[in-house]
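If you use full-length UniProt numbering, the sequence shown corresponds to residues 1 to 197, in order.
Be a bit skeptical, because a hint or two may be false.
Ranges between beta-carbon positions, derived for each pair [claimed, not checked]:
hint, residue 1, residue 2, range
1, R60, D180, 35 to 45 Å
2, S108, R60, 36 to 46 Å
3, L139, T119, 42 to 52 Å
4, G153, D180, 22 to 32 Å
5, A130, I196, 18 to 28 Å
6, Q99, A76, 16 to 26 Å
7, S59, P115, 30 to 40 Å
8, I196, K65, 18 to 28 Å
9, L10, T162, 19 to 29 Å
10, R60, P115, 35 to 45 Å
Below, a list of computed lysine-lysine pairs in the DSSO-like style, where the Cα atoms sit at most 27 Å apart [as the list claims (entries may be wrong)]:
hint, residue 1, residue 2
11, K41, K165
12, K26, K63
13, K77, K58
14, K26, K65
15, K63, K165
16, K63, K41
17, K58, K41
18, K77, K26
19, K58, K165
20, K63, K77
21, K165, K65
22, K165, K77
Note that these hints are calculated values from the structure, not bench results.
Quick reminder that beta carbons are idealized off the backbone N, C-alpha and C, glycines included.
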Amino acid sequence: MSEMLSEAALDQLFRSARTYNAFLPKEVSDAQLRQIYELAKMGPTSANSSPMRLVFVKSREAKEKLAPHLSEGNRAKTLAAPVTAIVGTDHAFYERLPQLFPHADARSWFAGNQPLIDTTAFRNATLQGAYVILAARALGLDCGPMSGFDNAGVDAAFFAGTAVKSNFLINIGYGDASRDLFPRSPRLSFDEACSIA
Numbered sequence: 001m002s003e004m005l006s007e008a009a010l011d012q013l014f015r016s017a018r019t020y021n022a023f024l025p026k027e028v029s030d031a032q033l034r035q036i037y038e039l040a041k042m043g044p045t046s047a048n049s050s051p052m053r054l055v056f057v058k059s060r061e062a063k064e065k066l067a068p069h070l071s072e073g074n075r076a077k078t079l080a081a082p083v084t085a086i087v088g089t090d091h092a093f094y095e096r097l098p099q100l101f102p103h104a105d106a107r108s109w110f111a112g113n114q115p116l117i118d119t120t121a122f123r124n125a126t127l128q129g130a131y132v133i134l135a136a137r138a139l140g141l142d143c144g145p146m147s148g149f150d151n152a153g154v155d156a157a158f159f160a161g162t163a164v165k166s167n168f169l170i171n172i173g174y175g176d177a178s179r180d181l182f183p184r185s186p187r188l189s190f191d192e193a194c195s196i197a
């Protein structure tokens, strides 16, 4: 049985964590990006489908390739972030199921059933993208997840010739709380959002 995390850990992951729009000029290393993935990949997905594919946009050349596809409101902050993760969804994920779910013929559950492929891929890659955010926070980094980009343009620039489609973006770095950090917006109460059946 697992032990409850400390109050400090819960603050870091949830209560004090924020969506950052500005980051300190401090590098995020390739080793840190690998650590993020090594943690995030352990989160559960349907039949261990693991459809998320990540591109960590870090180099000047990659940022220039991403820039034209960002909405005006997201361009400056994304280009200034140390890293932007493109969270992609592999719609051919089921081809990996013999490797990832070897105890059943899970590939046959999906092959030829495009609605099930698309729903399963999108749901589970989105879950995995959330795991990336929590993994980055657990490692002392801050995140700024967002939409606000041209999916088709990003797909052509970064996923051409594949079955991967972009889902959302996450700016990653060391958040600068002195710039562009908005007051926390309200959340729904338990009684407003939940019921116990």
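These are the hints, each one checked on the structure:
1. R60 <-> D180: 35 to 45 Å: Violated - the Cβ-Cβ distance for R60 and D180, about 23 Å, lies outside 35 to 45 Å.
2. S108 <-> R60: 36 to 46 Å: holds (45 Å)
3. L139 <-> T119: 42 to 52 Å: violated (31 Å)
4. G153 <-> D180: 22 to 32 Å: This hint holds: roughly 25 Å between Cβ atoms.
5. A130 <-> I196: 18 to 28 Å: Roughly 24 Å apart at Cβ, these two residues keep to the hinted range, so it holds.
6. Q99 <-> A76: 16 to 26 Å: Cβ of Q99 to Cβ of A76: about 41 Å, so the range 16 to 26 Å is violated.
7. S59 <-> P115: 30 to 40 Å: Hint holds: Cβ distance 37 Å, inside 30 to 40 Å.
8. I196 <-> K65: 18 to 28 Å: violated (48 Å)
9. L10 <-> T162: 19 to 29 Å: Violated - the Cβ-Cβ distance for L10 and T162, about 38 Å, lies outside 19 to 29 Å.
10. R60 <-> P115: 35 to 45 Å: holds (40 Å)
11. K41 <-> K165: Holds - the C-alpha atoms of K165 and K41 are around 19 Å apart, at most 27 Å.
12. K26 <-> K63: holds (17 Å)
13. K77 <-> K58: holds (14 Å)
14. K26 <-> K65: Distance of about 22 Å is within 27 Å: holds.
15. K63 <-> K165: Roughly 18 Å separates the two Cα atoms, so the pair holds.
16. K63 <-> K41: Status holds; Cα separation ~25 Å.
17. K58 <-> K41: holds (21 Å)
18. K77 <-> K26: holds (15 Å)
19. K58 <-> K165: holds (19 Å)
20. K63 <-> K77: Holds, at about 12 Å.
21. K165 <-> K65: holds (16 Å)
22. K165 <-> K77: Within the cut-off at roughly 23 Å; holds.
In terms of the numbered hints stated before, the structure departs from hints 1, 3, 6, 8, 9, listed from lowest to highest.
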